Structures are given as C-alpha cells and as structure tokens.
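**Q** Read off the chains here:
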Amino acid sequence: MTDTAPMSSAVGHIDEEAVVPERRGLALIGGLALDLLISGKELYSIFVKTLYYTARGTRERGAVVRQMFEIGNRSLVFLCVVMGFIGMILVYQAGLQMLRVVPELSLLGATFLELIIRDLSASICALMLATRVGAGIAAEIGSMVVTEQVDALRMCAADPIDYLIKPRFIASIIMTLILVVIATFVAFLTGMWTGYIFFDINPLTFANLSLVDVGDVSIGITKCFVYGAAIPVVSGHCGLSTFGGSEGVGWATTRAVVNSSLAVIMLNFFISGAGYLIFGS
Amino acid sequence: MTDTITHRALAPLAAIGAFGSHLALVVGGMGVMFGRILARLVLLRFDRSELLRNMHKMGVKSLPIVVVTALFTGGIMVIQATPVVERVGAQALLGWGAGFGTLREIGPLLTALMISGRVGANNTAELGTMVVTEQIDALRALAIDPINFLIAPRFIGIVVTLFLSTIYADALALFGAAYAGLGLLGVEPLVFLHGLTGGLLGLGDVFHGLIKSVVFGVIIALSSCQFGISTTGGAPGVGRAVNATVVVSAVGIFVSDYLVSFAIG
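Chains as they are written, first to last, in the working numbering: chain A, -12 to 268; chain B, 2 to 266.
Since the hints were made in silico from the structure, they are not lab data. Nothing here was measured: the structure is a model prediction, and the numbers come from that model. Backbone N, C-alpha and C fix where the C-beta goes; we use that ideal spot for every residue, glycine too. Misleading hints may appear alongside valid ones.
If you want the footprint, here are the derived chain B segments under chain A, 3+ residues with CB under 8 angstroms [to be verified]:
no., region
1, 214 to 228
2, 235 to 245
3, 251 to 265
Sample of chain A residues at the chain B side, in silico, Cβ under 8 angstroms [what the hints assert, rightly or not]:
no., residue
4, Ala122
5, Tyr150
6, Leu176
7, Gly237
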C-alpha cells in the first residue's frame, strides 16, 4: 500500500500497523499529540501554499467559476431548506422559553435577528457546507489520488494545491458569504412566519433590527470568511492524504466531514470569544 | 423544431419530476429497509457479536469528537446566551439561558451532526465498499441474510450510540458552559448551577432532547445503510454515496427536529 500523500514522505511514513504494537496509556496520549501536531503542520503548509498560489499561481480560465457553481448553486436549495427549518425551530423554542420568564414577546424578533446574524446563520451554514462541500471535495480529490491523477499532475510540474485546492478555496470564500446572506434571509422569513402563527407577533414588530449593531454584523462576516477558507483547506488536506483504493476514498470523505465540522465548531468558539471581548455583549 | 422548443420549455418541469421520483425512491427505499429491520428486531434475528463489534467501533471510538464538540458547544452557548440573559434579567439566569438551548436543541443537534459525519458516513463507506467489491453478493451466495448480519446490528449500533452520546454531550456541554462562563464573564459555576436547577428547567427539557436523539439516530442509520447498500460505480461511487448520505441525514435531522419539537411541545 503506497501512501501518496504529499506531506507524508517528509514525515518518513512506514507501515505502522506492522511495526508498532497497539499504543496504550502514556504512549497513546503522546502518539495522539504527535499526530495532531503533524496534521497541524500539514494544514498550515497547505494553507500557506494556497495563499501563495492565490496571489501568484497559474490562472486556469473558468476553474474558479466552475467551482463556484459546484459549491454555491448546488448547495443553495439544501442550505435554504435547513436554515428555513432552523428559523422555525428557533423562534418556536425561544418563544416557549421566554414565556416562562417574561410575559411578552415583543423583543423576540429583535433577539432572534441578533442571534442569527451574529452566530447561528454563519455557523449552521458552515456546518452544512462542511458536510456537503467538504465531503464533495475530499471524494473528488481522493478518487483523483487513488487513480494516480494527482501523481500525473505532479509529473507535469503542476502542484495539486495550485490546480485543485486554490480554485476551491477562492470559490468557497466567495460563495460562503453569498449563501449565508441568502440563508439568513430565508431563516428570517420562516422565523417571522412562525412568530405570527404560534405567538401572534406582528411581522412588523418582529422585523426589528434595533439590537443588531456593527459588532454583530462584523462578527458574522468574519465567521463567513474564516469558515469559507477553513473548509476547503481541511477537506483538501483529507483528500490529498487518501490511500488504499475505494475504501480509502470512503475514509477520506468521512475524515473530511468530521475534521471540517470540528474546525468550524472550534473556530466559532474562538471568534465568538474574541468578538465578545472586543465588542462586548 | 417545435419539438425542441417544447422540450426546452418543459425542462424545469422534467427536472422537478426527476427530483420527485428520486426523492420517492430514496424515502421508499428507507421505509422498506426500516420495515425489514424491524421484523428482524422483533424476532431477535440479528448477529450478536457483530452488534457488539459495531457498538464498540461506533460508540467508544466516537467519544473523543463528542467530548471536544460538547465542550466547545457549551462555551459557544454561554457567549451567545449572555446578551439575551442580560436583557431579561440578571446573570443568575445564565444557567437557564445556556441550559435550555443546550438541552433542548443544540446538544442533540450538534451531536447528531457529528455522529452523522463520523459514524454515518463511515458506515456508508464500509457498506459501499462491500457492495462494490461484491462482498454482499458473496454473503447472499453463502445464504447469509445481509440484513441480519450487516444492517440490523449497524442500525441498533447507531441509534444506541447517538442516544448515549447525547447524554454524555449534554453533561459535558453544561460543564464547558459553566467554566466558559467563569472564564469569560466571571460568573461562578455555582451561580450557573443555580440558574440551571432553579426551577425554570426540568427533566422534561432533558427528555425533550433525548427523544430527538433517538429520532435522529433512526434517520442517520436508515439513510447511511440505504445509500451504502445501493452504491454503484467503483471508488467514485463510494464517494458519491457518502456525500449523499451526509446531505440526506442533515436535511432529515433538521426537518425531524422541527416536527418533533412541535409534536412534543
């Protein structure tokens, strides 16, 4: 079984299962920490190379537009359905809970808008994109690795990061922002409808932007950019480190979904924390 | 000439029709599979050792990502709940604000999404590879029922894993929330605990989340088994099947979340 991952030759890959016995106790923790460190280094190197190629790489005509269609248009219905339901669920649950504490719901709409603009819209969309787009990128690049097309690219002196990851990176950053704006609007509409049907809130009262300030909008937009950049890098890394036939493509896809979802959740925590410290509540 | 024009004009309709029949195929396939699995479960005709092996592989091995997800989720919930809580009252209500969101919605939801990504996608990849390499046909040739041997144990494994992981994740998320509250807002964990247990939240909220987790588990299990078993077309086919599974599971999770929230109030 040959490992065709670009980075692992530098790490000195050997068939671990055969040589190293199962790790236990301290060795397990140490091994996990080393694995984490190595993945971190590889991710960092892919990210830096992607940025470099974004500035200076070859420009293949239409590659970015094709990826924008693949990432953006193909995810639109999926995201709208999910965010539509999120809007309804949130207003319904939050309304029920707020009635336990305060008897009137005139601020429900304003609070809901603040919450989805600052956090939930970008984060839920990014989780969904991590599953759909991340799995797609890893499956595509993974099957190219398995069928040795990536090696063929290297033979032609074309860096797979320049050819495969860079267009997806640019497309993902642009389309994430656009998709999040559309999905936020959908969630707002379904939330307003739910407020009107279940709690008798006038749609005009619900559409209250008074609680949304510059801080909320800038945190939301920052999240869109960061998630949009993180998803193709993480799942591209998983795709490029595929090995072992059709089974390997399956594992790579799974890893891409899990790792990019985890990346979104962790980044969310750090950006939200930083945003709270910078802008206050 | 007029033929092609009508063709073009009707293209959107054809696309909608194709989508509809595809949807019916997927949902119908999942329904038939659910029926067959239930029949096996009632008669207790499934492979026990395979069940144990799957539960270890799905449950125990997923623990690290459940732990990480839950701790971070708790922290996020505190940061997001703060402005809401400050508006309706004191910081004493922080436990309530972070608690109801975590227990009723975000805890079960995020755990389900992570388990769908890790276990569901893995399951599809495994079954898909078996189909592509004709291992399922080999089982049939040996007169071993694939549903007894492969599908039913995985179904139980996923549902049980998700249920237990959600309990775990709820507890850890509240723990993470209490300490994120201390670190970021200076709210003592005891104050947080009082907000949590002060009477505004009850066991009902916990069960609300747990019922959801069972429904999500059934959806993840059915979609991952269905797409895995109907894989076609080699290595790219496995990738496509995994992709379809995570998308269908996610939509199923959100749609059923709404329906269940509404049904059990």
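**Q** Against the earlier hints, flag every one the structure doesn't satisfy and list their numbers going up.
**A** Violated hints: 1, 5, 6; rest satisfied.
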